[in-house]
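Visitor: Sequence:
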Amino acid sequence: MILGAVGLASVLVAVAPEPTRRELPPRVPYAEISPIIVGVSGIPIEAGGTVRPSSPVRIAAAVSGRVMWVSPSFQSGRRVAAGTVLFRIEQARYVHQLREAEAELAARRTDLLKQEEEAQLARVEYQGFLLRDPSAVSSDFASPLVFHEPQLETARAAVAREEAHVEKAKRSLASTAVAAPFDSYVREQTVAVGQILTTGEPVGRLFAADSVEVVVPLSDEQALLIPEVWTDRESDGVGPPARVTAEFGDVKYFWEGVVDRVEAALDERTRTIDAVVKVSDPFKPGVAETPRETGLARPPLLVGKFVRVQIEGIAPKSYFRVPRAALQPGDEVWTVGDDGRVSIVPVRIFHRGNDEAFVTGALGGKQAVVTGGLQFATDDMVVQTEVSSNP
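The working numbering numbers the first residue of the sequence shown as 1142 and each following residue consecutively.
Every clue listed holds true.
Keeping only pairs whose Cα atoms sit at most 16 Å apart, straight-line, the calculated EDC-like set for lysine to aspartate or glutamate is: (1) LYS1425 x ASP1351; (2) LYS1425 x ASP1324; (3) LYS1309 x GLU1243; (4) LYS1393 x GLU1430; (5) LYS1446 x GLU1388; (6) LYS1419 x ASP1401; (7) LYS1507 x ASP1480; (8) LYS1311 x GLU1245; (9) LYS1419 x GLU1453; (10) LYS1419 x ASP1351; (11) LYS1255 x GLU1294; (12) LYS1309 x GLU1241; (13) LYS1507 x ASP1479; (14) LYS1255 x GLU1290; (15) LYS1419 x GLU1397; (16) LYS1311 x GLU1243; (17) LYS1309 x GLU1245; (18) LYS1425 x GLU1397; (19) LYS1311 x GLU1231; (20) LYS1311 x GLU1241; (21) LYS1419 x GLU1404.
What follows is a list of derived Cβ distance ranges for each label pair: (22) GLY1513 x VAL1198: 49 to 59 Å; (23) PRO1382 x PRO1213: 34 to 44 Å; (24) PRO1432 x ALA1315: 46 to 56 Å; (25) LYS1393 x VAL1198: 29 to 39 Å; (26) GLN1261 x ALA1298: 14 to 24 Å; (27) PRO1440 x ARG1199: 23 to 33 Å; (28) ALA1315 x GLN1268: 42 to 52 Å.
Don't read these hints as lab results, they were simulated from the structure. The beta carbon of each residue, even a glycine, is placed where N, CA and C say it ideally should be.
Take the sequences, apply the hints, and build the full model.
Guide: So this is what it looks like as structure tokens:
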């Protein structure tokens, strides 16, 4: 019985038709892609730096004495106009010195008048003597002492000396009032009424109100992208534009500036090139990068604030912006056409930013580049695409 069943099964298997073989379709790999952006302006160069005063000065006493008055404006954080008197030193001693110098000058001028009269009289007398005695020595050969010339020169020198003393006394008197040299902000003040100051003693610090600077360290690659970076501009020259951005809370504000100059030596510690970005009118409220609620204060660009700086670099002819992830070893990118076929394109990399790179090569604005999903690629390789979520 069992043997019969086994035999029947063997026969059925032997006569059964073979199943149809189906070839599996080839697996097409997936590739993440991002669009290529055609560059239309200068390559942005991004770096960070700290805001510093453009013209810091120390305020010191030019003469010694007791402080009699301090301006209410001479306090840290206050703005003072050029010529504003910051504090005054007691004047009595310097008024007395000026009067003494003026009196001495008047006396020396009187002496000079006397010497001039005596010299004139001596010449008249000598001319009369020559008329009486023609054989006498001519006035051209007479001794200068005859005409009081040494005494006259001494009197003139005394007047000049006392005039200098008067000018010095006037300057000392004027120096009892210490004024701001330009429109500025007070950064520090350490003087009070009744305090006795010595000549040259520092009592505060100011910095210019019309502009601030941001020192931005750049790599060699970044510096070469700044137009005319090594040009020695005049103080009023206009450099490449730059945007300075600072965060206050969760809001970013920006101010427009220019690259004023580049330091002439490398930073010894970092071996970077320091570019100096100048921002005019920094205490004008910044502009928010994104709309925000009205009624909230807009901050100025504060000295000491860490900021991000974006400098507008050169604009190469026909350049493109691609994600950094699209860069492949050997300075190439993999592009994908509308037909899903891959092309390997060599590129020249001008600059690698934080998230994107700036390149030239045989690219087009309607193409896309591979940013992930493929470990290798060949020309004409077919792929399925998926737009990257992080272009």
